[in-house]
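*Asks:* In the order they appear, the protein sequences are chains A and B.
If you're matching positions, the first sequence starts at 70 in this note's numbering and goes up one per residue.
If you're matching positions, the second sequence starts at 1050 in this note's numbering and goes up one per residue.
If you are wondering where the hints come from, they were derived from the structure by calculation, not from laboratory data.
Where hints are given, some of them may not hold.
With the C-beta cut set under 10 Å, the calculated list includes, among others, these residues of chain B facing chain A [as the list claims (entries may be wrong)]: (1) Ala1065; (2) Asp1071; (3) Asp1075; (4) Gln1080; (5) Ile1084; (6) Val1091; (7) Ser1092; (8) His1104; (9) Phe1106; (10) Met1108; (11) Val1117; (12) Pro1131; (13) Asp1135; (14) Gly1136; (15) Phe1138; (16) Arg1142.
C-beta atoms are modelled at their ideal positions from N, C-alpha and C, and glycine is treated no differently.
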Amino acid sequence: MSSSDSDHDRDHDRDRDLTSRSAAGLAAAVRSGEVSAREVVDAHLARIEALDGSVHAFLHVTADGARARADALDAQRRSDGPESLPPLAGVPVAVKDVLCTRGVPTTCGSRILEGWLPPYDATVVARLEASGAIAVGKANMDEFAMGSSTENSAFGPTHNPWDLGRVPGGSSGGSAAAVAAGFAPLALGTDTGGSIRQPAALCGVVGVKPTYGRVSRYGVVAFASSLDQVGPFARTVEDAALLLEAVWGHDPADSTSIPTPCEPILPGLERGVAGLRVGVVRELTEVDGIQPEVSAALEQAVKLLEQAGATLDSVSVPSAIYGLPAYYLIAPAEASSNLARFDGIRYGLRVVPGEPGSANAAAMNGATRHAGFGAEVKRRIMLGTYALSAGYYDAYYGQAQRVRTLIIRDFDRAYEHFDVLLSPTTPTTAFPLGDKVDDPLAMYLSDVCTIPTNLAGAAAMSIPAGLDGSGLPIGVQVLAPGLGEAVMFRVARALELGFGFAARARPGGPA
Amino acid sequence: MSELTREQVRHVAKLARLDLSDDELDRFTGQLAGILDHAARVSALDTDGVPPTAHPFPMVNVLRPDVVKPSLDRDEVLACAPDARDGRFRVPRILEDEA
């Protein structure tokens, strides 16, 4: 290296600037020629290289592929002009490891899929590529998306960039941490019971669970098929909308994908909230063990929306508190069926017990699943199998499905009077690593405010609402009826303006 | 709702084709009982005459034209498998000689 110290400092400042910009800002800078896609990607890869050893947001960094893609976009700009570039050209994105990426390891945080190379891309991954966004790596997660802390990853936990001794939330903890740490301005996650919104809240970023069926599940390794939905993480509400609009829409490869056109979000984002009716969900603001600072942030959100011209009132969704128990019957039931495919036959791990040639296929199945799955996945498979088994089906699974109907009806009634609803995203801010690993039920309770939306198939998002006394981020949740993304984002944007949240995680200490 | 016993857990594990160690059986019996106890709260709601919801958007008969389209390459798919031979997945024997 011949560069002087001042050159080095300048490069460092440049990288720090690029890794703190928004996706919209980076896309504009690449299009204008202010920076190349390659410079943007290199800056983010350098930050990952420097800091991910302590955060562990990624299971696999796709540095070579990302640089090649950036070079190709830069070449396209030179040959065909800036207008030829797709909307997110040059913007780095982290991809949760539950999304299939052709030829790139996809483990779902599980030993049972270690070394597997998917033979195809998930639809959302293909759409990302078409949008010009550049995948920089596969983000860490709770094994098969089961968990609320990313501690259930078979490859070690992710650390919260705001406090490395705390969890980032989960299951999409790697995606949330990557965005909070400045490893990428955007990330994709999945949300089955809160797995985007809860880590977004704990990491101080925006996280969106779109309406069920709005984003394709093709190529998303299934956890609970009637609840799973892919969605974006970003540091701004506008960026989250950009990413959602890049990947959503009907996909013939997913028969549960909604065929009606998507109402665009971005054109109405700045319309404000004057005249909108916002209901604060009583049952989700009075949950046990709620941190006083979380309640205070919600009260502030109410004031901010009132000042912006919305009408606020309290609303009851009585069955919402039954969301958690219903979820822990429905989700494991679906999981026990979906995870039957991991049997040591078609992909991943195979363990053959005993003397060579002595075991039959059933013995191989049992030994493979014993060795390949972690404790939480085993618990959920057991719970689901039990809830579906003869003699218990109606009392557990059947009753949970009827409660699901009641939850949908209660939300429908609430939306007769309100355009959107408001609640905390999580009862508390980020908890210390190890705090809840031996108490599954305590872990589950951190999703009490997010689960009802998944059961209803509706949309919801978390946005940062300041920091608690320990400097940890707090999230508030905006809930909308199915296909209500446009109005939900308007409210989120008004809250973003009101809170003016500008603090940044510093995982490497003050820079 | 009934008490969950270690034997029931062992039986459910067998149904799920999931080998569990003695230690796992002990640990899971207590943990699953606690979780099921919480989940049983759903029985507190009166659901007489309420239909079950299996899916948030009941879409039926999603049709498409019956035309041949490209599919995954067989060799590429088999390359993911722990064992394959002659264009097929290879597995240990499935029938047991129960002597």
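*Asks:* For each hint, tell me whether it holds in the structure or not.
*Replies:* Cross-check of the supplied hints:
no., hint, in the structure
1, Ala1065, "4 Å, holds"
2, Asp1071, "12 Å, violated"
3, Asp1075, "13 Å, violated"
4, Gln1080, "6 Å, holds"
5, Ile1084, "6 Å, holds"
6, Val1091, "5 Å, holds"
7, Ser1092, "6 Å, holds"
8, His1104, "5 Å, holds"
9, Phe1106, "5 Å, holds"
10, Met1108, "7 Å, holds"
11, Val1117, "15 Å, violated"
12, Pro1131, "4 Å, holds"
13, Asp1135, "16 Å, violated"
14, Gly1136, "14 Å, violated"
15, Phe1138, "6 Å, holds"
16, Arg1142, "5 Å, holds"
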